[in-house]
Amino acid sequence: MQKFLCCVLAMILLSSCTKKSDKPEIWIYTSIYKDTVADLQPKLEAKFPQYKFNFFQAGSEEISAKVNAEELAGGTRADILIFSDRFYFEELATKGRFEKLTSPLVKQVPESMKNKDGYYAAVSLPVMVMIYNSEAVATPPKTFKEMSGPEWKNKFTTGSPLASGTNFTTVAFLQKAYGWDWFKALRANDTISEGGNSSVVRRVQTKERPVGWVLLENALRLHEKNSKIKVVYPEDGVILQNNAMAIIKKKADRKPAQDVADWFLGNEGQDSMVRARLMYASMPGRPAPKGAPELTEIMKKAHKWDQSTIDEFMKNRETIKEEFAKIMLQ
Amino acid sequence: MRLRSALSIRSLLLFFAAALIFILCVIPFASLIYRVVSADGDFSIAVFGDVIAAPAVRLAVVNTLKVCISITALSLIVAVPLAWLITRWDLPFASRARSWLSLPFAIPPYVGAIAWIYLANPSTGLFNNVLGAPIFNIYSVTGLIFVETSFLYTFVFLGVTSALDRMDSSFEEAARLSGASPWRVFRDITLPIIRPSLMSGGLLVFLAAVASFGVPALIGGPARIYLLTTQIYNFQRIGSMSGFLKAAALAILLMFVALFLLIASQIVISSKKMQTVSGKTARPSTFSLEKWKWPAFAVVAFFWCVVFVAPVTGILLSSLSRTQGDLALANFTLANWTRILFETDETVRAFRNSLLTAAGAATLASVVAIFVSYISVKTRLKGRAVFDLFSSLPYAIPGTVVALALIMSFSSSFLGVLPSLYNTLTLILIAYFVKYLSFSIKTMSDGYRQIDDVLAEAAHMSGANWSQTLVTIWIPLLMPALIASWFLVFMPALSEMTMTLLLTGPGLETIGTLTFQLQEYADASGGGASVLALIVIATVILINVIVKRVSRGKYGL
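Each protein sequence line maps, in turn, to chains A and B.
Just add 8 to wherever you are in the first sequence, counting from 1, and you've got the working numbering.
Just add 2 to wherever you are in the second sequence, counting from 1, and you've got the working numbering.
Extracted from the complex, chain B is given alone in its bound form (with noise of 0.2 Å):
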């Protein structure tokens, strides 16, 4: 009886949040490809062939593989070594180091774009102005995989550091009291234990590269470097019909390339039984940096300056700047922040509908995450792979095009049934959600993965029902995958602007869209944009330092 009762708790949840992703998740994007090749009132999949013959589109093709694996492959060279030092050595003030090789993913790219353009641009940047030669370029192949990588590699990083948290450190000990350097300990029993947090964290960069438009649009443009989303939004931009329906086949493609991408990789995942936590254990024991301990923090703290205090300055300079590139004293000024903070009427209500949609779509990916994750990894159903593969496909596509795709099937009655949510927060809130929920996915199910089932079937045993097992056993072992889950969600959306652009109405602006009507239009000098990434990044900082608090240290970013 009891037994039935928690299986039917169980399946309903469950039931609910798959039932969640094929609606959100699948149906708009289903219809998208049924009325691209239905456009002409007859099904044609000509334009399909039309965009790959285009010599564009493969110049595109050849770039952005050239480029995303570059990123990725930077990534996990940078991000790997750095989550290692810190949980794994006695590195001084590592806890607060790994606080901050996160922040740089809370910056919106696209100001980040516009920052390191204002650092280091060939004619006028700071850097070369400084050096008194054209020494940094930053219009170059080199300069984009540094700048996006300068942001993606806390994929990886956030990953791999909750990962190695969680990992059961007895190995590791055995291994060190068997006389194993730190060197073989890590590449014998850390590093494979790691390895499904590294292989998600690399897709995860590599999708993010791949779908990623900011940063290409204002650095690679300038260098002559097109993408296949920067092609996409070329598509689109011609304005007329034929040109939309070009950006959204090539955009299906890439959601195709996508979900082979995907499939393989889970093929490869799965195919390793990886489970390492088996309940709560203590703190590692850290090897000694000895002598290295002070040149190993300059490293860090190097690496942190590069990629989170360089830009952020540039951003604070921008923001004090009557006009932009100008150095002198005088053109030093609080305007810019009195104006947005003080004069412009649609900041509050801008905030606050983009924390009531950033956090709603957070927690509800999180939530989600957490029965979708768990069926794909703890249970043995039929197909439950597909979940995980669906809600990633919306990453793998342009913003545009997944806003596009979600006015497809919500302008109207959605399915006939739902109201319309159209001109509504909640399809803001639906768009960050569908958007961004494979980083929530990706996240939990590496921490599901590194739990032990012993510990569930233990509390079976001592008569726990699911929903208790849950709560008492899975949720609090993966309260740091959770806590990071919602802040790879919160963090992007929180400044999102793509989307909300086209899914915006009547008093429903964001931070994204008072950003592009500052930049645009009302504020051409740049200033204004600046002061609302400024907050933007204050607020992922405050939040993170309130959930530290809350948890005395023990959960945050």
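Chain A on its own, in the form it takes in the complex (with noise of 0.2 Å):
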């Protein structure tokens, strides 16, 4: 017995003095795909062979717990942040905890795709859109609004703004379009608005709701092994995720995060955002996703970023979500 409890501490002890390599340690917490940062990854090290790349890879609401958890114990690990939850980068940048990105690039990033101060800019757009199970739906619908109807009852599924980041952004922009009225008679059609968007996907596959909203990318996932789910651009325009990128603020010295965010937004770093081609980049110039109309197309129509919106969503944050609980959920 006391040899096996020595093991177990002999143990414990072994595996924390992981080896330590000399090079320095780049940390990045990102909700990029896996087999996106398996891309990447490569290629920034035979670009940066001095750093030693260290990925946290989850999503946007996993990776925003860990770094409150991590600041509230004096500091993130992390030292570049790239995830879709626009307004955590937002309130990060007024706490000051960013360092501002140096990269010249920064400046072709839109406008409306950036913080106004340099503290963040987006490295691609995952944007949000609608799917039908085409077998249970013979006239699909052309735009959010209309999913309101009496002809759409029991047939349509969001996402929960609770659950997840890209659901809050586009819940927040069409209460502002249609108000909430417009979400009661949501919920008087029956919509179920639970989880994130894979549980939107599996609902309209399994035809328990055959229509949803749901981010592109998970669409075009699915559509490659499942020619039945189709997507809609809704004619009142498609909502724009933000993949933000920022630079943690540390007393270590920033340059090998500036210059590896400055990579990100170079032609090799979008190059490897977009190369499955499921969201559009930030950076002018680069494919659209397989299918889809180009960026300057969709963003004629879409939900407009600007600072007042973005002040607005952010002081009504907490309140939006509960008034969509209290409708929605309750």
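Keep in mind that the hints are not guaranteed to be accurate.
[As the list claims (entries may be wrong)] Here are some chain A residues the structure puts well away from chain B; computed CB gaps all over 10 Å:
hint : residue
1    : Glu99
2    : Ala101
3    : Leu113
4    : Gln116
5    : Ser168
6    : Trp271
7    : Glu302
8    : Thr304
9    : Ile306
10   : Lys309
[Stated by the list, open to error] Here are the simulated DSBU-like pairs of lysine-lysine, each with C-alpha atoms no more than 35 Å apart in a straight line:
hint : chain 1 : residue 1 : chain 2 : residue 2
11   : A       : Lys184    : A       : Lys238
12   : A       : Lys115    : A       : Lys298
13   : A       : Lys42     : A       : Lys258
14   : B       : Lys380    : B       : Lys550
15   : A       : Lys236    : A       : Lys153
16   : A       : Lys215    : B       : Lys68
17   : B       : Lys550    : A       : Lys192
18   : A       : Lys334    : B       : Lys68
19   : A       : Lys161    : B       : Lys550
Rather than coming from a laboratory, the hints here were simulated on the basis of the structure.
From the three backbone atoms N, C-alpha and C, an ideal C-beta is built for every residue, glycine too.
Starting from two chains that each stand alone, build the complex the way the hints lay out.
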């Protein structure tokens, strides 16, 4: 028994003394896909052989929770954050937790897709569209707006703004456009608003609710295997999301992180981000996702990001969620 | 001289176990509380008030109580007769039925919920499709209670069967010889003796139900039933620091409620002295079911089909489906299996990591429980109950919060002394240990409680020192409890997802993180997650079969 305990203790101590490499480490916390990470990591390592790259890859909500916990414990380990909760970036920027991005390429990122003081910028643009199961729906919907109509009773599903950042952004824009009464009508239609984007896909696939709003990337990934699921680009405007990038302020030299951030906005980085062609690039001139209209085309109708909108959503963040919960979830 | 040396080994081991609990189960949560009250720079408990004042939280409290009390009651109602039937009656295939009935616990609850949604959702559920009418609605309070109970009754079942195995059946026999009916024997002899197991089993179910997240999120969500854990999650997912603090504050409150419950239950349990194992007993003689033999078997088999075969069939169909929910023959394929087994690089690494951490946590927890339960049951040390209590707290709060507390304590060097365990498998192992230790301690404490001190005294008088007594008396008699304890930690840890997602790092994939990744990104059709779930269930069954083989049928679930 004693031997065993000694072994356990030794094991704990051993495994904690992990081999230290001499290279400075760069920690990137990101919600970009694992396969995208797998694709760009070797390129990063080839470009910056002097650094060791570590990725923590998870959903936006896991990342913000982890960063919050680390911040409370004295400072996050992350050097670079890349994920799609723009409001979280805005909050940390206001708190002075970010270093200004020095890359000259930031200038080329459209105004509406970066922080006004240069603390973060989008590296790619996921987009919220609608999908439907063509086996269960003969005439597909054309707009978000019409989903409140009686013909869609028991047919529509959405993610929950309580469960995912991209769904929050969507709810925020749609309540601004159509008001809470529109959501009340959705509720009257028995719309299921639960979980993140993958739950929506599951419900559309099983025809439990044959129409849903979901990120284009989820739809495109699915479409490869399942041609029954079709994409609708709502005529009343898709909802663009921002996969934002920022550098955490630290005492350590920030030059390495700045170089890496520059790489993400450069040709190689942007190519990797949109390689699978599941989302739009934030730098102009990249190809659109498979089968999707050009960004400029989509931007014409898309709901607009500007500073006053951001401020408004930031200020009402909790009220928006509470109001949504009251209408849709209780 | 001899006494002194025996005493020192004993105190050393006991001290080590106690210290481990203190360091891993107390310090992280104490520091969580500290950080929450001092988040703004000065001391403030206003956040607790804000949380309590929120109407959504009050509603969640009411729902949680309603749902969890029902689950506990139902688990007891279902599990106790089953355990009694299997250990005390001549049920056909009794030993096999016991293994079968323990299996639902091996289904990851998250996957089980998906399986039930597939089988019984009101619009397209398989059962409803077959029957041609929406008869079953899993999205309801009843559905939620049903699904939770179908996993959680195993706590009571495992605890009570192992108590019935260990108890001295001579009391029962005496009663029978005096002409008591089976029911009377049960009511007057058996039930009072197994009461501690019943209570701690019931308590575990209650705490597990309160702490459960996967099932309430997936089934409660669409039914618009919110529990405390889903509410904590909602706060946390606001994303802002204030939301984060609210989530932590609510979790801390939940921890105190659990503390209160645990203390109350300890007072009740410790007021009764219950020792009934006075050595190795022969197999108890069984009552005869006579003509009810096969009907009874049919009932047990039907129950098993409902709680295990149905969801596993659901998972199996889903793992073979090209698109979920399509029952056309053309839709069936082995593609999900080949993709997960042969085309996903992480699969092997995820399994290795999960097996290592789950087995490590299960072993560590069971070993620690040998000592901690010894302290709390077999010694009169002051404050002995504290360890039992502290080890139970992490279980009562949602995994996310446990993981966040561990992140806070371990993100830099722990306590300023130990090297940082951050981004190591060891920290994931510790998380499993912390979260599930109470399973081990509860099971082992029940075990100790039933073993009469006279055995240890006899060993002592024959000159055995403490460690000899431990090895020759306690451990052999505790073996069924030890095995149960090991599995109770191993099974949920093997596919744990919520904590692991936050603690994982480069190269540290587990089955849980792989499932998440498949579900969220790579494999939206959902078949991949089902493949993993089936492999998890198969692994648990395999290990159990090996344990049974090696022990020649003596031990195992």
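Going down the list of hints, with the structure as the test:
| no. | hint | in the structure |
| --- | --- | --- |
| 1 | Glu99 | 6 Å, violated |
| 2 | Ala101 | 13 Å, holds |
| 3 | Leu113 | 27 Å, holds |
| 4 | Gln116 | 28 Å, holds |
| 5 | Ser168 | 8 Å, violated |
| 6 | Trp271 | 19 Å, holds |
| 7 | Glu302 | 25 Å, holds |
| 8 | Thr304 | 28 Å, holds |
| 9 | Ile306 | 22 Å, holds |
| 10 | Lys309 | 26 Å, holds |
| 11 | A/Lys184 <-> A/Lys238 | 27 Å, holds |
| 12 | A/Lys115 <-> A/Lys298 | 27 Å, holds |
| 13 | A/Lys42 <-> A/Lys258 | 27 Å, holds |
| 14 | B/Lys380 <-> B/Lys550 | 29 Å, holds |
| 15 | A/Lys236 <-> A/Lys153 | 23 Å, holds |
| 16 | A/Lys215 <-> B/Lys68 | 32 Å, holds |
| 17 | B/Lys550 <-> A/Lys192 | 58 Å, violated |
| 18 | A/Lys334 <-> B/Lys68 | 21 Å, holds |
| 19 | A/Lys161 <-> B/Lys550 | 54 Å, violated |
In summary, the numbered hints that this structure violates are 1, 5, 17 and 19.
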